[in-house]
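From just these sequences and the hints, can you work out the full model?
What follows is each chain in one-letter form.
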Amino acid sequence: MKLKRAIGQSSDVAPKGVTGPTDNEPADGSQPTAEVLLVENLRATYSTAHGLIRAVDGVSFKVGRGDRIGLVGESGCGKTTMGRALLRLLPPNATVEADALTFMGRDVLSMPDSELRRVRWGGISMVFQNALSALNPVKKIGSQIAIPISTHMSLSRGDTRRRIYELLEMVRLRPNVAGLYPHQLSGGMRQRVMIAMALSCDPSLVIADEPTTSLDVVRQDEILAEIEELQARLGFALIIVTHDTAIVAETCDRTLVMYAGTLVEAGRTSTVLGSPSHPYTLGLVRSAPGLEDRTELYTIGGRPPDLTHPPTGCLFHPRCSYKAAICERESPRPRGIAGGTKVRCHFAEDVNAAASDLTRDANA
Amino acid sequence: MLEGRNISRHYEAREGVSLGRSRATIYAVDDVTLTLREGEIFGLIGESGCGKSTLARVFGLLESPTSGDLLYDGRPVRSMGRRERRRLHRNVQVVLQDPYDSLDPRASILDIVAEPLDIHRLAKSRHDRRRQVEEMIETVGLRGGDALLRAKPRGLSGGERQRIAIARAMVLRPRYIVADEPLSMVDVSARAEIMNVILRLRREFNTGFLYITHDLSAAQHLCDEIAVMYLGRIAEVGPTDEVLRSPAHPYTNLLESAIPDADPTRTRPRVANTGETPEPRNLEHVCAFAPRCELATDECVQTRPELTQDGSRSVACFHPLNTKDLAATEMGGRRG
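So the protein lines, in turn, are chains A and B.
If you count the first sequence from 1, position 158 lands on 158 in the working numbering, and the numbers rise without skipping.
Just add 1000 to wherever you are in the second sequence, counting from 1, and you've got the working numbering.
Calculated directly from the structure, the hints in this document are not laboratory data.
Treat the hints with caution; some may be incorrect.
Claimed, not checked - Part of the chain A face toward chain B, derived, beta carbon under 8 Å:
id, residue
1, Glu74
2, Ser75
3, Lys140
4, Glu296
5, Leu297
6, Pro305
Idealized CB from N, CA, C, for every residue including glycine.
And the structure:
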């Protein structure tokens, strides 16, 4: 992975200055007391045999202390790449650039490796999607949890042991789980172990990448309730990466919607999912079953663009029912609209009005 | 009608790896009776490991039951001759969960969808073969003409692959399709399209679906009737709206209460889930849900509750949640 510090004019996508305030600043204009993470115009590009792929393109947002943020998008939209870019975890063919990428005020991109290692897991930790492949099959749970602890905290062996038991208790697992191997645990228990590991070094930010996708609905609900409870108690900031808008609606205060590597809509969850202003968000919300049973559902149609040959103008225009001539020509810049949402759409106000009509009809 | 009567599927499991190992029987499906009618979408829901996929394999003719009978229009499948069996296979098709695994990566889309026609020798000519495939691909909402027919599965998205799998199942115009979690590996924006395809096939061809899922919101949207499975047995079965709006079995209640609410302005109360699911063995004299149930009494750990009919639905529980009152208020509310 190559790193570049962008100097303003280096980007033709969203030049510095028009980026404006970050996408998810509180609508009332108050500044968050302390910023955990600041991302400004983040770009992650893979160079492949088929050309350059802009997997993340011009993403800006801010995470305050104790924030709960939902990042919604489909597979291939760049949400996992973004999560990994924040920790410089991308493979060597990826280039990461940003106008700013700071964690607790420190610049992540220019950080020496020794400091970066402390930030990884100690400052920002991740709960990975597939707990079975993320855990080492031939190591006992206890010794796996011990790895980040011994790397990041200088604890005696006894204190490490106590910390492991404390963490297991935190995620409601019995202490004897420490002596078991991953295959002896159920899917829900394995996901709990992942959470325990993510919390082992008191991080300020936890990124949970599809933490419940492989679980059934009852276990999913349990794990989410637990993440919520731990978040409230320990006060870490949380980014939940998911494709399920219902999970975000329930657990996150703010929502970022990602499409083809860009943030298309960002704001308060109640506004973004309650009355969307981007056609893609509206499509996602409308295509969820629930309102009328056994009737045709709304569909977005088409498929996400091939990022080696992205469409001109707005990346969503080939699938959009609101498209006009301008959409094929001009890529919409992120702009703030009433309600405090930041949205990348030329017709955000029209979409929002249509969304409000739909909600009213549904409630009538 | 495709009917399963007292279907059980047991597996012998070896205990331990060294000398002196014993054998134990795993009751993957235990004494299940279900009827799938033509033109009906029947949902089978439950958590992973509850036996719903095993039951799907029995209904999809991929596996024979250990005991019990599968009946096709009243004829037991086990007593069918070769010709009759062949006709049966034409009328019962399967769509599997993983569209990345279930399509031959080296075959063209044309050959994949045409394979059932080839096996049953139902194409009159090359031209007819192609025409039937094109028609079905259009029915599942895909376009792309020649290029699509020549493409290999790797060029398609998960949602497109799953629609190809449905087209392959539908090309014989079967009366029933058994679909095992067809949406779980498909992107959100493609999910709605596939649900629409299922509803359209039912409307146009009167195809009956046995739809297996753990996604209750999809089941609620698609299914006329649902059966809730727990550890190999049916806990509750009945019309979808009744079962999910006023669950009678405490397990259905737990499932229903765990569905996340997509409306950001509402807060959903959470029902506490306690305890782990027991192993599916030695459960002849207990209710398998008792260790996780708040309403469990001595009776529940001494006798196994049998499925008992109550109006349009059946419940296997000694302490069903008060269905009559709830149903009454539902009716009252609807009339008003």
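Cross-check of the supplied hints:
1. Glu74: holds, 4 Å
2. Ser75: Serine 75 of chain A check passes; min Cβ-Cβ to chain B is 6 Å, inside 8 Å.
3. Lys140: violated, 18 Å
4. Glu296: It holds, given that the least Cβ distance between glutamate 296 of chain A and chain B is near 5 Å, below 8 Å.
5. Leu297: holds, 4 Å
6. Pro305: Violated. Min distance 12 Å.
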